[in-house]
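Chains as they are written, first to last, in the working numbering: chain F, 1 to 343; chain B, 1 to 343.
Keep in mind that the hints were calculated from the coordinates and are not lab data. Treat each hint with caution, since some may be false.
Distance ranges between label pairs, derived from CB positions [as the list claims (entries may be wrong)]: (1) F:270 / B:232: 30 to 38 Å; (2) F:163 / B:245: 28 to 36 Å; (3) F:190 / B:19: 49 to 57 Å; (4) B:132 / F:245: 31 to 39 Å; (5) F:73 / B:229: 32 to 40 Å.
Ideal Cβ placement from N, Cα and C applies to all residues, glycine included.
There are 2 protein chains.
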Amino acid sequence: MRATLMYGAGDVRVENVPDPVIQEPTDAVVRVLQSCVCGSDLWPYGSMPASGQGRRMGHEFLGVVEDTGSDVPGLRRGDVVVAPFVWADNTCDFCAEGLHTSCRHGGQWGHDLDGGQGEAVRVPQAQGTLVKLPVGEDSALLPSLLTLSDVFCTGHHAAVKADVGPRTTVTVIGDGAVGLSAVLAAKRLGAERILLMGRHKDRTDLGREFGATDVVAERGEEGIEKVRELTGGDGTHTVLECVGTKPALEMAFGVARDGGVVSRVGAPQYEEGPIGFGVLMRNLTLTGGVAPARAYIEELMRDILDGTIQPGRVFDRTVSLDEVPDGYRAMADREALKVLVRP
Amino acid sequence: MRATLMYGAGDVRVENVPDPVIQEPTDAVVRVLQSCVCGSDLWPYGSMPASGQGRRMGHEFLGVVEDTGSDVPGLRRGDVVVAPFVWADNTCDFCAEGLHTSCRHGGQWGHDLDGGQGEAVRVPQAQGTLVKLPVGEDSALLPSLLTLSDVFCTGHHAAVKADVGPRTTVTVIGDGAVGLSAVLAAKRLGAERILLMGRHKDRTDLGREFGATDVVAERGEEGIEKVRELTGGDGTHTVLECVGTKPALEMAFGVARDGGVVSRVGAPQYEEGPIGFGVLMRNLTLTGGVAPARAYIEELMRDILDGTIQPGRVFDRTVSLDEVPDGYRAMADREALKVLVRP
Numbered sequence: 001m002r003a004t005l006m007y008g009a010g011d012v013r014v015e016n017v018p019d020p021v022i023q024e025p026t027d028a029v030v031r032v033l034q035s036c037v038c039g040s041d042l043w044p045y046g047s048m049p050a051s052g053q054g055r056r057m058g059h060e061f062l063g064v065v066e067d068t069g070s071d072v073p074g075l076r077r078g079d080v081v082v083a084p085f086v087w088a089d090n091t092c093d094f095c096a097e098g099l100h101t102s103c104r105h106g107g108q109w110g111h112d113l114d115g116g117q118g119e120a121v122r123v124p125q126a127q128g129t130l131v132k133l134p135v136g137e138d139s140a141l142l143p144s145l146l147t148l149s150d151v152f153c154t155g156h157h158a159a160v161k162a163d164v165g166p167r168t169t170v171t172v173i174g175d176g177a178v179g180l181s182a183v184l185a186a187k188r189l190g191a192e193r194i195l196l197m198g199r200h201k202d203r204t205d206l207g208r209e210f211g212a213t214d215v216v217a218e219r220g221e222e223g224i225e226k227v228r229e230l231t232g233g234d235g236t237h238t239v240l241e242c243v244g245t246k247p248a249l250e251m252a253f254g255v256a257r258d259g260g261v262v263s264r265v266g267a268p269q270y271e272e273g274p275i276g277f278g279v280l281m282r283n284l285t286l287t288g289g290v291a292p293a294r295a296y297i298e299e300l301m302r303d304i305l306d307g308t309i310q311p312g313r314v315f316d317r318t319v320s321l322d323e324v325p326d327g328y329r330a331m332a333d334r335e336a337l338k339v340l341v342r343p
Numbered sequence: 001m002r003a004t005l006m007y008g009a010g011d012v013r014v015e016n017v018p019d020p021v022i023q024e025p026t027d028a029v030v031r032v033l034q035s036c037v038c039g040s041d042l043w044p045y046g047s048m049p050a051s052g053q054g055r056r057m058g059h060e061f062l063g064v065v066e067d068t069g070s071d072v073p074g075l076r077r078g079d080v081v082v083a084p085f086v087w088a089d090n091t092c093d094f095c096a097e098g099l100h101t102s103c104r105h106g107g108q109w110g111h112d113l114d115g116g117q118g119e120a121v122r123v124p125q126a127q128g129t130l131v132k133l134p135v136g137e138d139s140a141l142l143p144s145l146l147t148l149s150d151v152f153c154t155g156h157h158a159a160v161k162a163d164v165g166p167r168t169t170v171t172v173i174g175d176g177a178v179g180l181s182a183v184l185a186a187k188r189l190g191a192e193r194i195l196l197m198g199r200h201k202d203r204t205d206l207g208r209e210f211g212a213t214d215v216v217a218e219r220g221e222e223g224i225e226k227v228r229e230l231t232g233g234d235g236t237h238t239v240l241e242c243v244g245t246k247p248a249l250e251m252a253f254g255v256a257r258d259g260g261v262v263s264r265v266g267a268p269q270y271e272e273g274p275i276g277f278g279v280l281m282r283n284l285t286l287t288g289g290v291a292p293a294r295a296y297i298e299e300l301m302r303d304i305l306d307g308t309i310q311p312g313r314v315f316d317r318t319v320s321l322d323e324v325p326d327g328y329r330a331m332a333d334r335e336a337l338k339v340l341v342r343p
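Next comes chain F alone, as it looks inside the complex (with noise of 0.2 Å):
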């Protein structure tokens, strides 16, 4: 089959690799119906040191069920089916929880095993990742379910992190896919009030329809000003981080109310972040964390079902399996917000 292989820093392929097959009882094949790029994929596109040996790529796919190990009694041969951007077992300690990120038998798509960008995936550990939906192959909602995969969870559990309620003022830093998904996120949690700062007017537009009561265009020192001066210099109860940079984290600090939140679901690219002496007298919460999406997909798939949000809106451009490095160019020129894959 083909697949979606990284190279190196802007060096994406599509190349033939073997077509998966069951290797455990636990495994199901699943054909892919789509799947799509994300954020966090830019940053090896933009950094990874070149390598001979590919690295396969994908972590947010839906699709049809094509083969089934001995021990998936819940799945058939031609489930519509949407999978978490992390394999889990579905019945650990952890997952119990909700952390299914953590479970103890879980895993990651990609690197040496099946990607979300190809034609199909082996999937482990099937019976506890997939989440069969109720809809066909060619079901308009697809998008919208496909963000099941990663980033309206994503958006979701920075909202739920930080605790967001109908008493709560909100400022979502960044309007990529995933603030824009915090966005939509937070207004169906009942935010009081949604701040969303960000530079680019289409994304902002689309911020304001998810649900953002103000938009700040202003960064650093000025974005703070600027939210403070629409606080009543207080700043919001929670503040969703969706960047992963220390500047944007800075920012999220700057305009965290005193006994706040600063929820953060960007992966960080530091490895100190500013949390001194300030952060404590003024008793700011750091929390978040990579989202245990399997934990959320049934709760949030009721809510797209019945056309309540569309999270598949960040979708605003589609390729073909083999314009997947075109993609990746478009999302890091900022041409495009979301890439969908239609292998």
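Using the hints, position chain B against chain F.
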């Protein structure tokens, strides 16, 4: 009157200063019965640049009301009261949320104002700040009630922010007075298991009496391994970091269970801390902060008055006001755990 001033590292003096008098209608003047030296006083004691102008010291005290302004309806001359280590109006929105350390009319003792390590203190916002104690001036409970000023409330705050409860396993880092207070607070909140990390046997012995189920004397990587060994490899749900150094914080993240909480109350001796990719992947939360002692006094006082807890056991030396400089020395040299001052 006589009061304590610090002129630089290692240079603590007891000198004559002006007697406090009512300056605002919201003031009270309190004659100090007992005060103490705080672990946080040791930071300037170790590093404060020499200065010709002394800094008034002490932020923990209880005493007797000597005089009140016209706008302190709840207190009268002769009342025995305890003061939290930050004064607050107890009426603003932050105070209403229990975050008295961010009070819109609050402030800190000492520096250019009166501190607790003296014969008397002018108390701003006295109505909101002071809590009346239903005991006499000679009560044997005074040392335990004095810990409500700061040290026991600080340990309690660490546990509260970490949401310690009956199903929580806890690691407490640090066997100083705050660490031991955190042990007692975690026990009081019903923690299932409390691992105390500390190297001073006399202190960890008191920690065991306060509720520690295990003591870990190792530090750094060895300490992390030991805690993991004791917890089936996983670490504990919560970690109460009661030291304030970067190695202590690194250890805290190292012994936290995935999805867990590091709650810190030690004054950070660092500007940046280790909150990179690994912390995100493990969904660890960093919380804690300077304790809003005022929010906790009434609740904790009850358990002291009825004898359930004796947080005053952290005091292992008593000095007169003139002996305060030697009290600092004894704490800095770790001869004394926490020094009580009787002016």
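Verification of the supplied hints:
1. A C-beta distance of roughly 32 Å is found between residue 270 of chain F and residue 232 of chain B, which places it inside the suggested range of 30 to 38 Å.
2. Between residue 163 of chain F and residue 245 of chain B the CB atoms are about 30 Å apart, so this pair conforms to the stated range of 28 to 36 Å.
3. The beta-carbon spacing between residue 190 of chain F and residue 19 of chain B, approximately 55 Å, falls within the hinted interval of 49 to 57 Å.
4. Roughly 51 Å separates the CB atoms of residue 132 of chain B and residue 245 of chain F, a value that falls outside the hinted 31 to 39 Å.
5. For residue 73 of chain F and residue 229 of chain B, the Cβ-Cβ distance of about 37 Å falls inside the hinted range of 32 to 40 Å, so the restraint holds.
Checked against the numbered hints given earlier, this structure breaks only hint 4.
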